[in-house]
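Participant: Given next are the chains, with one letter for each unit.
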Amino acid sequence: MKIFLTILIILIVAIYIFPLFWMVSSSFKTRVEIFSMPPKFFNFEVTFKNFRRVFYKIAGWGKFAKEVPSEFPRALLNSSIITILSTLLAVTLGTLSGYAFSRFEIPGKSDLLFFILSTRMLPAMVIVVPVFIMYKTLGLFNTYLGMVILYTVFNLSFSVWMMKGFMDEIPKEYEEAAMCDGYTRFQAFRKIILPQTYAGIAATAVFCGIMAWNEYVFALILTSEETKTVPPTIAGNVLKTTGVNWGEVAAASLIFLAPVLIFTFLVRKHLLRGVTFGTIKG
Amino acid sequence: MKTKMLSDRGIALLFILPTILILVFIVVYPLIWSLFLSFTDYSVVGTEKPHFIGIKNFANILKDEYIWLHFQNTAKYVIMAIAIQFFLGLGIALLLNREFAGRGILLTLVLSPMMLSPIVVGLFWRYILDANWGVLNYFTSLIGLPKIAWLGEKEMAMYALVIVDTWMWTPFMILISLAGLSAVPKELYEAAEVDRASTWFKFRHITLPLIAPLLLVGLLFRTMDAFRMFDLAWGLTQGGPGTATSTISIALYRMAFQNFETGKACAFAYIILILIIGMSNIYIRFLNRLQKRGG
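Those sequence lines, one after another, are chains A and B. Converting from the first sequence to the numbering used here requires adding 673 to each position, the first position being numbered 1. Converting from the second sequence to the numbering used here requires adding 3 to each position, the first position being numbered 1.
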């Protein structure tokens, strides 16, 4: 029985890891071995050419062919800028609102909280139609500012709910004691409460960052060449070309997914909380 | 410092107002604008000003069999994917709910797919599912099955979408189920053991009632997410072949950004929105009750 269970567990883990393993191995294969049948799992010749092709594409044919920088590095930079700025904003606003919602009597508090949550329930595709029109009118289409604002909003409800959850866990008595010692409410928040929630803030930031990094619909519709992020760039390469070179796609995907895997590992203790909006505490 | 003067009320306002304002600016205001457009024949690529055409957009959409097809596709996908993920997630959680070497790292690996970018996952699975050089067909051929054109045949494309979605999202149900299982007091099992209760009896009468509320939360989360899913299907099949895997989000995308029927798309978006509001109401009420109970 025990052996049977062990084999079953190994099998499930293997099925789960295989697609990621396949992405890693494909990214190091030559074009011929990518399409070899039966597939080669370990016994292939390792090449780094795919990774080079992610950053430098070939322009021109025959003897005029030369390497020129591809759009990928720019997309990587765009993704990083938009992710970092929007995460900072979302977490800052979320921490402040989360504290206020956790500590103060606010008229219509639960309605407000559920209004905030409901903005996240909306399908991105429903929001993006009117936002597209608005951004065109306001000149925010295809700008960093537009994308940063949008991703901030996209993560704001999550950030508020997560931070309220973390704040709820800190006893009210902490700041009451501080205020007895002559701290103002604001000082008590900044010097007593905030340091207690650093771990929570970090976890919230990681989740916000991952969600902004992965986002596709808004980026597809609201960005063009200058601010295009990685997801629409990779998608464009696959969906718009015939005879896709899967080695290059795997290499680009791997570069893109690696940070997410690393950060997921770092917040693994908060995963449950993160995927349920802080409503279930792990 | 000026903030020293602020009362609790002032701080509450100062801390909450920016959040509310930015949400109103980016979410509420555009929604009001698109409500107006949904009663017009506006197109973003046209030069004409919007003309008021009454409820024609709504009527056309509700009459359209083609759009009805997208609702059917969505329902088919949601029901299949959610049902499989629910049972598989619970099953795997029961299996993993024990101590063994390397559990932490293995669990993180198994759970990681749900954190990945759905579009990139969809795109890469095209390669895995390819009829000729896809590695999945290689594995199935080892046990004697014929080659399957996963993404080329209408029937199969829907199954392919469900398979990839299941790979990506079963971890969510595993995570939820594990949280439920770890919260069941061990004493209950010990007491049942004294009475020589069967494994099934223990599962049915101790485990299940205790984890049911959590499982329901998981189901609701997944249903809402699956209902509005776009990225994964777009990456994997772009709704094809034909309209076999075209969900309502894909139909909306094509209407708004390929045919540029902006007014009609706004009306369609509103119909979806009403459905979502109905669903999320049930869901929010449930979360509310759960939170009250949890304190």
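These are calculated hints, taken from the structure and not from any lab test. Please note that the accuracy of each hint is not assured.
Unchecked claim - Cβ-Cβ distance ranges computed for the label pairs, FRET-style:
| hint | chain 1 | residue 1 | chain 2 | residue 2 | range |
| --- | --- | --- | --- | --- | --- |
| 1 | B | E193 | A | F728 | 58 to 66 Å |
| 2 | B | V31 | A | F694 | 31 to 39 Å |
| 3 | B | F204 | A | A687 | 43 to 51 Å |
| 4 | B | E190 | A | T720 | 56 to 64 Å |
| 5 | B | A194 | A | G855 | 51 to 59 Å |
As the list claims (entries may be wrong) - To spell it out: a stretch of chain A is covered by chain B in this simulated footprint if at least three of its residues, at any positions, have a beta carbon under 8 Å from a beta carbon of chain B; those stretches are:
| hint | segment |
| --- | --- |
| 6 | 720 to 726 |
| 7 | 742 to 754 |
| 8 | 758 to 771 |
| 9 | 923 to 929 |
| 10 | 938 to 950 |
Said to hold, decoys possible - Result set (DSBU-like, lysine-lysine): computed pairs, CA atoms no more than 35 Å apart in a straight line:
| hint | chain 1 | residue 1 | chain 2 | residue 2 |
| --- | --- | --- | --- | --- |
| 11 | B | K66 | A | K954 |
| 12 | A | K736 | A | K722 |
| 13 | A | K913 | B | K52 |
| 14 | A | K845 | A | K913 |
Given the structure is predicted, the values throughout are model-derived calculations rather than measurements. Glycine included, each C-beta is placed from N, C-alpha and C at the ideal position.
Participant: Need the list of violated hint numbers for this structure, in ascending order.
Facilitator: 2, 3, 6, 7, 11, 14
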